[in-house]
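Student: For reference, the chains in residue letters:
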Amino acid sequence: MYEFEHHKPASVADAASAMKGADDGKLLAGGQTMIPTLKQRLASPSDLVDLGGIAELKGISVSGGTVTIGAMTNHAAVAASADIKSALPALAELADHIGDAQVRNRGTIGGSVANNDPAADYPAACLALGATIHTSQRDIAADDFFTGLFETALEEDEIITKISFPVANKAAYVKFPNPASRYALVGVFVADGPAGTRVAVTGAGQDGVFRVPEMESALSGNFSADAIANVKVSADNLNADIHASADYRAHLITVMAKRAVAKI
Amino acid sequence: MATVSMTVNGKSVSGEVEPRTLLVQFIREQLHLTGTHVGCDTSQCGACVVHVNGDSVKSCTMLAVQADGSDVTTIEGLANGDTLHPMQEAFRDNHGLQCGFCTPGMVMSAVDLLKKNPKPSEGEIREWLEGNICRCTGYHNIVKAVQQAAQA
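Going down the list, the protein sequences come from chains A and B. Under this note's numbering, the first residue of the first sequence carries the number 100, and numbering increases by one thereafter. Under this note's numbering, the first residue of the second sequence carries the number 907, and numbering increases by one thereafter.
To be clear, the hints were calculated from the coordinates, so they are not data collected in a lab. Since no wrong hints were added, every one of them can be taken at face value.
So the derived list for chain B, only partly shown, Cβ under 10 angstroms to chain A, looks like this:
# : residue
1 : 908
2 : 928
3 : 948
4 : 950
5 : 958
6 : 961
7 : 1015
Even glycine gets a Cβ: it sits at the ideal position worked out from N, Cα and C.
Based on the provided sequences and hints, a complete structural model is requested.
Tutor: The structure is reproduced here in structure tokens:
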């Protein structure tokens, strides 16, 4: 790991000014991606601005049909939240299967969403449920947030403060996890709620999370696994690696989507 | 350099560290508590698991400065003098180790499991231990040990 300066601000405003004052600052949330990245010297920020001391970034609230989760809330807290289990159980279950128990005790929703790893779980939930990403500067719809591989609409020095999810009457997430890392080889979040009928896929796309319009229209008329059984997803623009070919991922998308619908 | 202070196994400690110092480096190299192991160093194997404010974490994937002000428990903090913690006793009774390298992390992870889920099923134990790798493949007896500790 290269050297860096460490800052531990007590407020979002202080964190933003620490970022502004840094040559090449990076935000540190739970560190479950950032620290391995630094250890491999894949990044060499001049400054790390640690969000771990900012109380206003933590917490879960459910009211008026909206689940709101502070950016520094860890996966274990989302998985264990009785309020989320009751309002949006698919989200709690998703959180409960990220990485392993120790990763869930440190990793945060804000870090996951800001990183936009193409195999991360939360981006699929954000897109399928029509979440809003609240930042230190503005509110961004999930539809406009995920812009590519590890790319988001966030500006330099912009800090995610919380993420709000409209409660959907139907929602489920199923993933085919890589047996070693538990990242999604393919993960599919299906939802029928205020944002409409949506199918969002993670783990498969070369540009990160994406929706499947053919499945969405099939499910709008008939929300059943049979309705999407014959929808084939093209392997163009899907990832291929030692774990799975693009064709295999394309096949898995339909299988995972059917399982997700069948779970509801 | 930064000054970090924390409680480790009930004792207040502090030290000067570079910001890039990992919590496991601080524990092993400055506090000389070498029961916490470094296996893969890539957040996967779980040999470095300790408790920070009561939750199990991988101390190779946390900076010492992030643990400033925290309450840390390592494997050395479990036993009460010569009396082993029930989880350690259960690992001994069930031969829940072969080479022993992964054992500190397995025990710390399992203790956290029983705190959150006192009566786990075999499946829940296996799922919880996903983040702990035993290269001797001794999982069967490890799971038996956790089951015994859950009945203690």
